[in-house]
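Given only the sequences and the hints, what does the whole structure look like? Please build it.
Quick note, the sequences are listed as chains A and B, same order. The first sequence begins at 11 in this note's numbering and counts up by one. The second sequence begins at 677 in this note's numbering and counts up by one.
No wet-lab data here; the hints were simulated from the structure. One should not assume that every hint holds.
Cross-link-like lysine-lysine pairs, in silico, DSS-like; alpha carbons within 27 Å at most [what the hints assert, rightly or not]:
| # | chain 1 | residue 1 | chain 2 | residue 2 |
| --- | --- | --- | --- | --- |
| 1 | B | Lys972 | B | Lys854 |
| 2 | B | Lys759 | B | Lys747 |
| 3 | B | Lys910 | B | Lys852 |
| 4 | B | Lys910 | B | Lys923 |
| 5 | A | Lys164 | B | Lys759 |
| 6 | B | Lys905 | A | Lys322 |
| 7 | A | Lys164 | B | Lys854 |
| 8 | B | Lys958 | A | Lys164 |
| 9 | A | Lys164 | B | Lys852 |
| 10 | B | Lys920 | A | Lys164 |
| 11 | B | Lys979 | A | Lys164 |
| 12 | A | Lys164 | B | Lys923 |
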Amino acid sequence: MTDTALTHAQPEKPGFFTIATMQKAVAFVVLVALLIFFSVFAANFAAWNNMVNIMQATAVNGVLGVAVTLVIISGGIDLAVGTMMTLTAVMAGIVLTNLGMPLPLGIAGALLSGAAMGGFSGAIIAKLRIPPFIATLGMMQIARGLALVFSGAKPIYFNDTPSYQYISPESSITSLIPGLEIPNGVFVMFGVAIIASIILNRSLLGRYIFALGSNEEAARLSGVNVNFWKIVTYALSGMICGVAGLLVSSRLNSAQPALGLGYELDAIAAAVIGGTSLAGGRGTVLGTIIGAFIMSVLTNGLRVMGVQEEWKIVVTGVIIIIAVYVDIALRKKM
Amino acid sequence: MKKKLFAAALFGAATMFSAPSFAEDVYFPIIAKGFSHQFWQAVKAGAESAAKANNVTITFEGPNTEAEIDKQTDILNAAIAKKPQGLGFAALDSKAQVPALQKAADAGIPIVAFDSGVESDLPLTTCTTDNVNAAGAAADKMAEAIGGEGEVAAEIHDQTSATGIGRRDGFVNRIKEKYPKITIVDIKYANDALKAADDIKATLQAYPNLKGIFASNEGAAIGLAVAKKETGSKVVAIGYDSGKTQKDAINDGTLLGSITQNPVGIGECVVNSLAKALKGEKLDKIIDTGFYWYDKSNMADPKVAAVLYD
Numbered sequence: 011m012t013d014t015a016l017t018h019a020q021p022e023k024p025g026f027f028t029i030a031t032m033q034k035a036v037a038f039v040v041l042v043a044l045l046i047f048f049s050v051f052a053a054n055f056a057a058w059n060n061m062v063n064i065m066q067a068t069a070v071n072g073v074l075g076v077a078v079t080l081v082i083i084s085g086g087i088d089l090a091v092g093t094m095m096t097l098t099a100v101m102a103g104i105v106l107t108n109l110g111m112p113l114p115l116g117i118a119g120a121l122l123s124g125a126a127m128g129g130f131s132g133a134i135i136a137k138l139r140i141p142p143f144i145a146t147l148g149m150m151q152i153a154r155g156l157a158l159v160f161s162g163a164k165p166i167y168f169n170d171t172p173s174y175q176y177i178s179p180e181s182s183i184t185s186l187i188p189g190l191e192i193p194n195g196v197f198v199m200f201g202v203a204i205i206a207s208i209i210l211n212r213s214l215l216g217r218y219i220f221a222l223g224s225n226e227e228a229a230r231l232s233g234v235n236v237n238f239w240k241i242v243t244y245a246l247s248g249m250i251c252g253v254a255g256l257l258v259s260s261r262l263n264s265a266q267p268a269l270g271l272g273y274e275l276d277a278i279a280a281a282v283i284g285g286t287s288l289a290g291g292r293g294t295v296l297g298t299i300i301g302a303f304i305m306s307v308l309t310n311g312l313r314v315m316g317v318q319e320e321w322k323i324v325v326t327g328v329i330i331i332i333a334v335y336v337d338i339a340l341r342k343k344m
Numbered sequence: 677m678k679k680k681l682f683a684a685a686l687f688g689a690a691t692m693f694s695a696p697s698f699a700e701d702v703y704f705p706i707i708a709k710g711f712s713h714q715f716w717q718a719v720k721a722g723a724e725s726a727a728k729a730n731n732v733t734i735t736f737e738g739p740n741t742e743a744e745i746d747k748q749t750d751i752l753n754a755a756i757a758k759k760p761q762g763l764g765f766a767a768l769d770s771k772a773q774v775p776a777l778q779k780a781a782d783a784g785i786p787i788v789a790f791d792s793g794v795e796s797d798l799p800l801t802t803c804t805t806d807n808v809n810a811a812g813a814a815a816d817k818m819a820e821a822i823g824g825e826g827e828v829a830a831e832i833h834d835q836t837s838a839t840g841i842g843r844r845d846g847f848v849n850r851i852k853e854k855y856p857k858i859t860i861v862d863i864k865y866a867n868d869a870l871k872a873a874d875d876i877k878a879t880l881q882a883y884p885n886l887k888g889i890f891a892s893n894e895g896a897a898i899g900l901a902v903a904k905k906e907t908g909s910k911v912v913a914i915g916y917d918s919g920k921t922q923k924d925a926i927n928d929g930t931l932l933g934s935i936t937q938n939p940v941g942i943g944e945c946v947v948n949s950l951a952k953a954l955k956g957e958k959l960d961k962i963i964d965t966g967f968y969w970y971d972k973s974n975m976a977d978p979k980v981a982a983v984l985y986d
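Put into structure tokens, the structure is as follows:
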């Protein structure tokens with residue numbers, strides 16, 4: 011990896027053939043190639059219900075990937091997304107099961123606690139000038155510990171709130187289009203992606219996220235309240251982790267307080283495979299969603315093929331390295 | 677910390693002679709592999725009730741996760757420094773922690789291992805579940821439920837720990853030895869309920885003729901129940917350990933039944949064995965605390981219900 015690739019990220023050039031567009035295209039081609047490969051070589055892979063399996067398996071990682079993408083584009087990193095997800099799930103459990111409140115309040119509990127934790131990380135980074143890697147490494151442990159403390163180290167179940175199932179595993183679209191049994195969680199993921207994409211490309215916050223990641227000093231000198239927007243970025247990312255918390259706990263019908271460690275690496279991998287630059291200033295939500303799909307197609311496909319677990323992990327690692335190499339190679343050409 | 681260790685070394689010899697006296701309050705630190713998992717809470721409950729019965733004081737500690745071997749060794753050293761009359765220890769690593777245990781033995785502290793063994797003669801006994809035998813019983817139930825032939829798969833919680841290896845081999849070997857018409861087509865590994873669910877759905881996709889799946893711990897069993905519900909699959913599903921999700925899944929027929937260890941019995945065994953050791957009674961090298969097969973029919977049985985947790 012060259013130094014220039016890491017430290018001198020250029021802001022997105024206007025025009026159709028930007029690096030990000032190219033990379034999305036490359037990622038998409040890889041995804042299609044994988045789908046074709048497994049359809050040919052893995053018996054029973056190419057069935058509609060397996061495609062639904064893959065979509066459902068992508069939902070949580072896709073949403074966490076979007077959360078971490080925003081932060082990475084702003085020039086930061088968030089290692090706490092996995093355990094923040096767990097803590098938000100526990101908060102939903104406390105509100106709904108322990109306090110017996112109605113569903114909307116449980117959802118609000120997850121989203122707000124996520125935003126608060128993310129905002130807290132952002133504040134530490136902006137005000138105390140602790141590097142994002144360290145600050146969020148600390149937050150990762152804080153969230154993990156609090157999830158165990160608040161839950162009493164026991165899963166919290168949602169049996170008293172049957173409608174909770176509608177967040178992820180139930181399929182509402184079946185009632186509109188019979189036979190199309192896509193779980194709601196998949197639509198939640200796409201919904202989050204669309205909203206995050208609009209924020210990133212069409213709002214002031216989005217413009218500042220890119221500005222922070224491209225050249226923070228320049229942004230500061232041109233009068234941007236850098237600290238404020240950093241905190242907002244991390245808070246938004248934390249809130250999206252809250253969505254992931256709702257998805258995972260809805261699917262398992264329980265908030266599992268010990269789960270979540272390691273999810274941050276899958277999320278970062280999805281962002282990187284999708285073309286988000288770890289140097290900041292460049293990346294797309296759509297790329298991350300494609301990256302998350304590449305990871306779950308690989309996982310599912312290799313499993314259906316009967317490839318050993320150990321090799322599956324190796325292959326995922328190789329794909330990440332290839333993705334970053336493509337990133338560097340494309341940048342040299344531009 | 678260093679001071680404490682130094683003090684322990686200084687008074688080690690003295691402790692050796694004073695330990696067997698019952699005049700003072702008898703104190704046993706119990707060091708588990710963790711405390712957040714429900715299984716350990718059940719072990720703790722058993723240890724506490726036995727402590728009451730034997731009129732001794734205990735503390736129950738463990739590291740945050742079952743990967744933190746160094747943290748557990750720190751806890752062990754701190755416990756030894758308190759000069760207890762006995763020590764209960766569930767080693768995270770059956771070899772790496774022997775030198776730390778040697779310190780306790782040098783100080784004359786009787787050691788009882790539990791859950792998984794230590795590769796040394798230092799512990800007077802080991803209170804544990806025979807995982808191989810227990811998983812073998814799961815294989816017998818599986819064979820009976822699918823009529824003695826067909827394809828089965830297993831979702832194992834990890835490929836390196838003693839319990840993961842024991843349960844996998846126990847299940848696989850029993851099938852191979854006793855049921856030649858059953859083939860094991862797939863073995864996957866996941867400890868996390870969400871990943872286990874997606875794993876099992878891929879397995880169901882790959883093997884449409886699959887007749888049964890065995891899941892080797894609570895996380896894997898939750899994943900198995902979720903996967904069955906989401907796919908509507910009719911495979912025979914057998915779990916391990918307990919937890920509310922697993923119990924509910926057995927009650928509504930998603931899971932046929934599960935194997936449970938006897939965590940309460942393990943906790944009782946540790947404290948009882950230490951008390952016996954202090955009285956100079958001889959102990960067997962290994963005490964099998966047993967396991968139960970539970971399903972819809974016997975879940976309410978008080979003997980079984982006592983070892984199940986939510």
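Comparing the hints with the structure gives:
no.	hint	result
1	B/Lys972 to B/Lys854	holds (26 Å)
2	B/Lys759 to B/Lys747	holds (19 Å)
3	B/Lys910 to B/Lys852	holds (24 Å)
4	B/Lys910 to B/Lys923	holds (18 Å)
5	A/Lys164 to B/Lys759	violated (33 Å)
6	B/Lys905 to A/Lys322	holds (26 Å)
7	A/Lys164 to B/Lys854	violated (38 Å)
8	B/Lys958 to A/Lys164	violated (38 Å)
9	A/Lys164 to B/Lys852	violated (37 Å)
10	B/Lys920 to A/Lys164	holds (10 Å)
11	B/Lys979 to A/Lys164	holds (23 Å)
12	A/Lys164 to B/Lys923	holds (15 Å)
Checked against the numbered hints above, the structure violates hints 5, 7, 8 and 9; every other hint is satisfied.
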